[in-house]
Structures are given as C-alpha cells and as structure tokens.
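Heads up: the sequence lines are chains A and B, in that order. Heads up, the first sequence is in this note's numbering, so the first residue is 1 and it goes up one at a time. Heads up, the second sequence is in this note's numbering, so the first residue is 1001 and it goes up one at a time.
Errors might be hidden in some of the hints.
[Unchecked claim] Short derived list, chain B residues pointing at chain A, Cβ under 10 Å:
(1) S1010
(2) R1025
(3) Q1048
(4) M1114
(5) L1317
(6) T1336
(7) Y1358
[To be verified] Output of the computed footprint for chain A on chain B, the stretches with three or more beta carbons under 8 Å from beta carbons of chain A:
(8) 1035-1047
(9) 1091-1101
(10) 1343-1349
[Unchecked claim] The following residues of chain B were derived to be distant from chain A, with all beta-carbon distances above 12 Å:
(11) S1009
(12) S1026
(13) Q1053
(14) S1080
(15) P1082
(16) S1088
(17) S1108
(18) N1158
(19) L1179
(20) G1264
(21) T1270
(22) A1279
(23) M1282
(24) I1305
(25) Q1327
Source of the hints: derived by calculation from the structure; they are not laboratory data. Only a predicted model underlies this, so the values are computations on that prediction, with no experimental measurement involved. All residues carry an ideal CB built from backbone N, CA and C; glycine is no exception.
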Amino acid sequence: MNIEGPVCPVPLSRYPAIVMAHGGGGRLMRDLIENAFISAFGAVGDRPAHDSAALDLPTARIAFTTDSFLIRPLYFPNADIGELAVYGTVNDLAMGGARPLYLSASFILEEGLPVDTLMRVVQSMSRAAADTGVAIVTGDTKVVEKGRCDGMYITTAGVGSLECVGTIGPAEVREGDTVIVSGDLGRHGIAVMAVREGFAFGTQIVSDCAPLWDPVQALLASGAEVHCLRDLTRGGLASALVEIAESAHIEVTVTEEAIPVADAVRSACEILGYDPLHVANEGRFVAFVRSDHADRAIEALRTCAVSADAVSIGRVTARGEGRVLLRTVGGLRPVDMLSGEQLPRIC
Amino acid sequence: MRFVDEYRSSADAQRLAARIADVVRSDWTIMEVCGGQTHSIVRFGLDQMLPEQITLVHGPGCPVCVTPLEMIDRAIAIASRPEVIFCSFGDMLRVPGSSQDLMSAKASGADVRMVYSPLDAVELARANPDREVVFFAVGFETTAPANAGAVEMARVQNLRNFSVLVSHVLVPPAITAILSSPDCRVNGFLAAGHVCTITGCLEYEPIAAQYRVPIVVTGFEPVDILQGVLMCVEQLERRRHTVENQYARSVRREGNPAAMAMIGKVMEVTDRTWRGIGAIPMSGLRLRDAYADFDAERKFDVGSITAQESPDCISGLVLQGLRRPNQCAAFGTMCTPEHPLGATMVSSEGACAAYYRYRRTPAAGAAQPTHAGHQP
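Excised from the complex, chain B in its bound form (with noise of 0.2 Å):
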C-alpha cells in the first residue's frame, strides 16, 4: 500500500535505529505530543528499538483524553434530550463522564448517534427539522477546520436547528504548560504531524527558542517516528533547538491557510480546562459571538454543570508525561478499557489504552516498560 509501506519498513527502521545509538551521546527525554504517535510507538514496539539514552515519554495529545469530564457531563446532559439528536464521533461515545458514558445514555434512550464528519450532522439537521442536532466538537487544530466549517454551512443553510458542543484545544500553549513545570524533564519534542499540516510550523519556532528546545515536526509510521527521533537526537547532542520538519510530505512550514482561515471566521482563543491537567490559559478554541446561535452550551444552558475527577486516576500525570501509565496503582485492575476509570483508557490513542493493549503481558525480552533505568 502507497504511503504506508515505505514507512514501515523493517530495513529501514532498524538503519534509523542504529543512526540513532552512532549518534547519540547522553542521555535524553523526548516527549512525543500526539496520541496517534504513542499508538504507533507502543504498537509496533519503537521504543524496545531505541539505544538505552532515550526515554520517550507520552504527551497530551489525545483529544478524547483531554476533553473535560464536566464536558461529557454537559454532553450528555444535552443528548438525554428528547428533542435532540446527539451526534459525535466514535471513541468518544465510551468516554466516561461523571456518572455514565454516552452510550450508556444511549442505552437509556437518548439518541446518540456516531457520524464520522461533522458533515453527517449537518445533513440530519436539513433532514430532521423538528428535532435539535448537536454536534461534539472536540480535537485539536486538526478537526477544527471541519467542525467551523460544519458551523458555517449550518448558518449559511440557516439551519437553526443546528448546533456544536465546543471542547476544541490547541497544541502551543500545552507544551508551552509542560515546559514551564517544575518538574519538566523533557529534552525535546516530537510535534504532531496532522495538527502541523493545518498549523504548519511557525508557532513552534518562539518555543523552541525560548526554551532552548528542539521541535521536530513528526508522521505516524514508524519510519517516521524513528527519523524524528533521529533529528531530534542530533539537535540535542550538537546543543541546537530548532524546529524542523520530519513530515515534509504533508506539513508545510505556512500550513493550510485556507483551512486557518475558516477556523479564525468561526472561532476564537481561549482559556480552556484540560482533563487531569488543569486549566490551560488561551489553550482552547469557541465560538465568535457571532456564531452564538449555534452554540449548544448556550442554547442548552449546560455551562453550569461541573465535576470532580476520580482520586484513583493519574491520567494528569500521564497526560504530562510524569508518569507511565503502568505507573499507575489502578492500571488493569480497576482501570480497564471495559471499565475505564479515566478517558486516557478509552481512545486508541489515549496512552493508558495503549499500554493496556500492547504492554500487559510482557512479551519475552521485549515488551518491558521503555527503559526502566531511565523512567521518569
């Protein structure tokens, strides 16, 4: 297959895994940002490839994992509804909130239903004019575009029946968070690959310079991974703190201005709460004023609704790469992807999710936690 074949490749990940332990001369930790790289790391085992200097640890870039719980609650404060159809896409529907889930809700007859474009839900506005279809919009910049555009043929449609749930979070400001910790001890950053296609590269490169990190801007496959990781190790051991740009094949260093623009006429900067993280400023996206109509926050009057964490979840931690999920006391007993304490059991991408499915069972000689001598 075209595309994924050649990024794949055993060859050629084992040359860049062994580039990376000519090269590498102390020790490091790189943090990759996105869920979807963490997933292909544990998946297909990169770490174990990896010389014993480098420690991956796992970023916050789980969109399902850092929406807000009090966010599913309003969520499915909204879809319990009678009037409304409640549209969202798949791995968020088992996203535990405070008490339920959404397809829990479902099961108790709020009509939930699973699009895979906020497109569909346009369609079953126009199509079910007596009801109120409520779209989640959760992710980072890479489903904004799609969401704001989804909101702006609603309004061009005057589909008044139309309506989004905002959760969206933006990457900058995340790892702008984890760099001023105290407890930071991250050397160097993976960004992610599909976020930068949309972004492109510029609002990293203030960050690499203030914090003196490097940033390489990184694919999903494991040759991609492992070439990051590459770029990023000769970054650290020649003292650089650059962005650069593994992912040439789809990020541009301007991004997709077209698609900015439709985020920017839709919606705009600010604060946002992050799950297990805390309050992030200007870290998140809503809607302009002059979308307000379109808001199920407001429509719905949900924005009272709050919630508390489970103690027993360390998900923060793991978001911010302090921990690793098999850390965690909970981890596989009383959190499990069947009964997830915490979303970052939940999605494919959600680190705990992925230790679970891929790490449980310590496969002989290679299925340990990523260098035990070096974990955080």
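So that you can see chain A by itself, here it is in the shape it has in the complex (with noise of 0.2 Å):
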C-alpha cells in the first residue's frame, strides 16, 4: 500500500500484524507510539513526551466532549473509522458552538490487525486533524486477544473553545423558530450498510462523513441567532428532534416534502423497509433559529460546500408538550425515535 508522509520502519515492519506486546508497556509499545502516533500526530510543541499535554486555549470558556468510534467495515465509501473519530468529536464541539482545538486518540487494537491498517487508519486522522485545524495531543494504546474486538475502537475526546456569543442549546429553543437541515439525510448510514452487507444499489452511495465546524462558523457569522444545533448521527433526524422537542418541551413541526433524500438512498430505504428520518448521518446537522433569521442562516450555510443544501424543514409550532409531527400526505403524525436497531423487514 501507499502510504505519504511516515511510514513505519523497523521494528514495526518486523510484525506485519498487531501482537499483545504492542500493548504491554514495553519497547515494542513505545516504538509503536512513535512511529505510528507520534510521526503522524505530532509531539505537543517541543516539549518531551509525559503522561498528560499542557494545553493553550485562547477563550475562558471551553467545551469538552468524548465519544467512542466502533464500525464494521473500517473502510467505507469516502470515509474510514479514522476520520470517523476526528470528524465525531471535532462535529459535538461544533453543535455547542465551539472552535474545535485539541483532541485525545485512544485505541483498542485487536491482536492480528494488519500494521499496514492501523497506519492507514492513523493517517487518515492526521489528515481529517489538519483539515479540521485541531491537533492530537494526547492517547493512549490497548491491545487484546484475537476475537475480542473487532479490529479497532477509537476513542476521542475534545476540547475547544466557545465562540458562541449565547448559549446554543434545546433552552434557547423559541416558539416560532425554524428547523433548518444542513443537507440531505442518510447517506452515511447506508454507504456503510451497503459495503457490510455487500449490496450494490446501482449507483455506489458514498458517506457523508466531514466536519461541520466551517458551517457552523459561517452560521455563526452571518449573525443570525442560532438557538439549537444538533448533529444528525445514530437515531437520524428523528431521533435529534425528539430528544431536543423532549429535552425543550415543544412541539416541532416538519414537512416530509421539503426534508431532503437523495434518491439512491430513498430507493435502499424503500427496498429493506428503513424510514431515511432513523438512519445515520456524519456529516449534516439540523439548526433552530430565529424565523426572521432564517433566510440569511441558510444563505450562509450554502457558502460551505459540506451544507450546499441547506433548507428549511420546519419550524417550533409550540410550547408545552414535547413532540415532533410529520406533516405527510394525508395529515400530521408523530415522529418517534426508533426503538432498538432498524431491522429489513421480511417482505
């Protein structure tokens, strides 16, 4: 494989594929971390390695996160388990209106995990990081036995600072306001069930996997008043507006018309009987704001090539009790979370 930037020599190259002494504290351990993470992440400033990194942050007031990033395949249309990681912490740091700065990489490594992987997998972090302007400061490396794990989690937690002149969050919530969708829905959950299950859909459906800081930014920007942002991941749509209608008692109307499914997912929804509204996104988020605001918040978004599309949904039809409805074809009807995992049904 080609690999740019470092590669690994020896004694990586000696083991093709993870062993237990990777993780066991010893030399084997420490020439993994520097040829594969340090190389690629960097060290903090100039400063020696040590067990936690000193960090600068411009503004008082810091938003921190964590998540934990597990999928089969590791590698899918557009994206890998890598970026996944960066883009998923960088992206929770974006939804409280927050410039995403430094991240902690942790990995759980299985036993028999080809080098060649995990250094693919690395760089494509190094590169999401860079894209993102964040760096990776800090992590850490288990390794298990064979059959324990399913060839890497990644954890990672972040740190950045709030930019935000309020508060963003399902409080500032108003009667009146309108729910804007940064693009069309359920491409990441798809291209990757695709790719598991060995489906081929006519027209290959890639994920939408990316960060989200630069709309938000622009959305920041343009002045509008962002009440709510919320990241579209597992649950879909459905599951982001009813947490935030529960969480902000209010009722939150949308149009099925006008939230947008790109026609090759709406037709594998179609076929395994999956509601586009549940499945899994990467890369798009939905915005409450101020209805007289909304015009200019989605001519902002739309400077971003990630939120090209943005539209208006929707909008907070009232307060009291917490509730989502779909206005359809024939009426209005609730939306709720799924229950469980969506499943294909029978026929």
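Fit the two chains together into the complex; they arrive one by one in their own frames, and the hints show the way.
Here's what the structure looks like:
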C-alpha cells in the first residue's frame, strides 16, 4: 500500500500485524507510539513526551466532549474509522458553538490487526485533524486478544473554545423558530450498510462523513440568532428532533416533502423497509434559528460545500408537550425515536 | 424517484379522496389484508382523508405477527444448539417467544445471523460444512418461492447441513376464516398486492362470489391504497362483488407461474396455527416428504415444543380486525416496541407497532383513531 507521510520502520515492520506486546508497556509499545502515532500526529510543541499534554486556550469558556467509534467495515465509501473518530468529536464540539482545538485519541487494537491498516487509519486521522485545524495531543493504546474486538476501537475526547455569544442548546429554542437541515439525509448509514452486507444499489452511495465546524462558523458569523444545533448521527433526524423537543418541551412540525433525501438513499430505504429519518449521518446537522433570520442562516450555510444544500424543513409550532409532528400526504402524524436498531423487514 | 413519487403525489391522493367522498352513500368497513398496507395507511395518514362512512380495519397480513409463539420457541431451541448457525430475516429477531426472543438468544451465545435472502443461508452452509445452518422460512406466498428455491438449491448442491424451519402461511384461507366468523363485519377487502404478484387473482374469485364481497388487489403507496378503496367502494355502492386488480403494474391475473411451480415442487399445503387467531385448516405450507432431510423441525426434533400466549395480549382480535391496537389495555403501557407482549408490536408491518409509532400522541385534529364513531 502507499502511505503518504511517515512509514513504519523497523521494528514495527518486523511485525506485519499487531501482537499483544504492542500493548505491553515495553519497547515494542514505545516504538508503536513513536512510529505510528507521534510521527503522524506530532508531539505537542517541543516538549518531551509526558503523561499529559499542557494546552494553551484562547478563551476562558471551553467545551469538552468525548465519543467512541466502532464500525465494521473499518473503511467505507468516502471515509474510514479514523476520519469518523476525528470528525465525530469535532462535530460534537461545533454543535455547542465551540471551535475545535485539541483531541485525545485512545486505541483498542485487536491482536492480528495488520499494521498497514493501523497506519492507514492513523494517516487519515492526521489528515482529518489538519483539515479541521485540531491537534491530537495525547492518547493511549491497548491491545486485546484476537476475537475480543472488531479490528480496532477508537475513543477521542475534544476541547474547543466557545465562540458563540450566548448559549446554544435546547433550552434556547423559541416558539416560531425555523428548523433547518444542512443537507440530504441518510448517506452514511446506507453507505456503511451497503459495504458491510455486500449490497449494490446501482449508484454507489458514499458516506457524508465530514467536519461541521466551517458551516457552524459561517452560521455564527452571519449574525443569525442560532438557538440550537445538533448533529444527526445514530438515530438520524427523528431521534435528534425528538430529543430536542422533549428536553425543550416544544412541538416541532416538519414537512416530509421538504426533507432532502437522495434518490439512491430513498430507493435503498424502500427496499429494506428503513425510514430515512432514522438512518445515521456523520456530516449533517439540524439548526433551530430565529424565524426572521432563517434566510440569512440558509444563505450562510450554502457558502460551505458541506452544507450547500441547506434547507428549511419546518418550525417550532408550540410550547408545552415535547413532540415532533410530520406533515405527510394525509395529514400530521407523530415522529418517534427508533426502538432499538432498524431491522430490515421480510417482504 | 420513479415508481414511488407518482404514487405519493399529494394532489392525486386528494383527488382520489374527493372522488371516494362523492361516490360513497352508505357505511362500509374495508379490511386491508397486508401489514405493508396498514403501515402505509397509518404512516401517511390515509384513513384521515377518507369520509366518515368508511372504516378501515387492519388484517392478518403481517408475516412476523402471525408466526405462532411455539414456532419462535422452536427457533430459539434450535438456535441455542452449539453446532447451529441460525439465519433469519431481521424483523423476526425481536419477536417475543414464551421467555425470550432470538436477539436475546444471540446475546446468550447462540449464533444467530440476520440475512437478506435465504440464498445467503445456503451460501453459509456451503462455507461452513462443519456447522448446521438453519433458515427460518416464514412469510406468505411472497417469500415462499425464494425459500423453496433455497431448499431446492441445497438439494442440488447436496448440502446436507442446510435445513429450514418452515412456518409459511397462505392468505386466501385467512380471508375465508375471517369471513366465516359470526363477528365478521368486513364488507370488502384490499388484497395484498405482493402476494398476488406470485399467486395471481384467481384464488380470490370463488371467495368474492361465495361471500358476496368485493376484493380489490391493491398496492402499497398512498395513491394505490386510495384507488383500491375507491374501486372497492364503487363495487359496494353498486352491490357488485368481483375481484379487481388495482396493482396491475405488478400483478397478472395468473400470477407468476414459475414461482408457483417452485413452491409446488418443494412445499405442500398443510394446516397451520396463526398466532393470535388459532388453527386454520389448509392455511400453510410445509416441505414435501421428498425434502424431509431439509426440515429443521424433524432434524432437531422440536415438533413437541408448545406454548401459551400472554392473556394480556389481544393481537388475535387485532389481526382479525375485531379490535384496534389502542383498544388494548396493555397498549403503550405493558406492551411497547421495547417490551412487546405480542408480535403485532414488533414488525414495522404490525398494526400495534404502526399505531405506537404513528398514533400514540394525537396530533392536532388529525391523529385520532380512525373514525371513532365507526369502530368495530
């Protein structure tokens, strides 16, 4: 394989696959850290390696979050677990209105994992971090016996500086707010499932996995009054809206026809009996903005490639009982979170 | 998206609803047979578009829902054997048996795998000659041809480690059973379009004639269902009772002869118990004796496992159109998709799950139960 940037030298290359000793705390582990992680992520400043990283923060108000990433397969159309691990945490920071600055990255590796695979993932994490302007400053590695984990698990934690003027969150949502989605839904979930299950849907569906700080920054810079942001990961749009509605005690009404879903994704959902509103995304978010600022917000979002198709899908219609309603062909019906995981239907 | 968007057109749906309102004179109860139709009706709020004279009741056509409890228990007993790889379609995995579901069996160590086609299970059997691969063959006439084909393929390839646990059911005997019940108040049927794609319409003609009910073979999109209702109401108002085909883009009168031949080669008609309804004579399919070696029920000797339904679950009445899901005391309280008492709360085609998902919180002026004054 062809890896840009650092390549693993001896003694890593003596082991084409991860062995238990790579997590044993000895020299082999130190080699792994130096040759795989530090060479890709860089040391923090010129300081020698230490148990923790010292960080310079530009603001007193910071946001802090963590997330774990496990996905099969490790690579999927348009991204891999490494990008997912960086963007996932970066996006959680962005949804709070925070500029992502620093990440930690902890790896649980399965004995027997090809070192090439690890290096490829580490490289894409390095690229993703550079693209997003974050530094990966600390981490950890453990190795578990073969069969005890699905190749590799990655946990990232992130720190960002809060750049929004007020607070962004469900408590700020107001009656009348416009609900905006940043783009079409369901690509990530269907792309991963298609690769995992070996489905071919005619056109290849690629994951929407992407960093979301740029569109959030554009949104904040536009001066539009932003009340709440939420990235639409597991559980999809339905779960995000229901969570916000229930915690803010608001009724949200969205129009099915206005919700963008690519034809290929809709077809796949029709075949499998999935609802696109429940399918996972990794580069999409929903924004609640003051209604008379909605045009300005959408205009700002459309300046970024990742949110070029941002569109209004509904609004906050009442205060009181927390619920989400969907306007369909026949009328209004409630939208619920998914119970458990989506299961393909029989026929 | 072609073949979907044109059948979800709001304008066409409104036009059909207005036409139905023009045509209808009397009160009519129409049963949509298939769970996929129930799902569409509730998901798109189609019943709310209909005039109050028309009551839709939900039929027994959800394959997950009617698979008997003891069959789930047998599946779990087989899946729990260490040599077995147990394969099933996704939505069977969460159907509760007497004490657990297949997903819980998997969590306890059973090798349960979700497949998208019975041929995936045949391939697993070929790739794992040291394991017993069992496929849970459930469903109506729609899934039977592929399941029969999988058994035939295993026979041709001499895969002796492949078998199927068969719980197939047939639609026409269920319609006859519903019509024969003294409680029956169904005036017309929307027959299941996908089932008829396989079987054709001929089997329904004697039923329509004997019980003097119109039967309209109907598709699954909003425009399909409203057009099916319109065709049914037009017949009812003219006191006609024939079989009509709304879903002509998929269904031929004679069905799919190749698929029917595959079913006939591998399977034969048998008595079958329907979950919540009970035994219906000649209402199911089993493997022919020539294919006995591929019958998991015999291979693993689980035929003696029997089970009793929860007394709190009224899914049988729901499946016969005698009660609505939200008329059940357990609905949304003791029985939810997370903790289902009966199978109708599990599958996306189950009437209880559809009501739970789309009707639990009444939407402003819209999501009340279908025409409260006309409930069964």
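**OP:** Starting from the hint list further up, note which numbers the structure goes against and sort them upward.
**Re:** Of the numbered hints given earlier, those the structure breaks are 2, 5, 11 and 16, listed in rising order.
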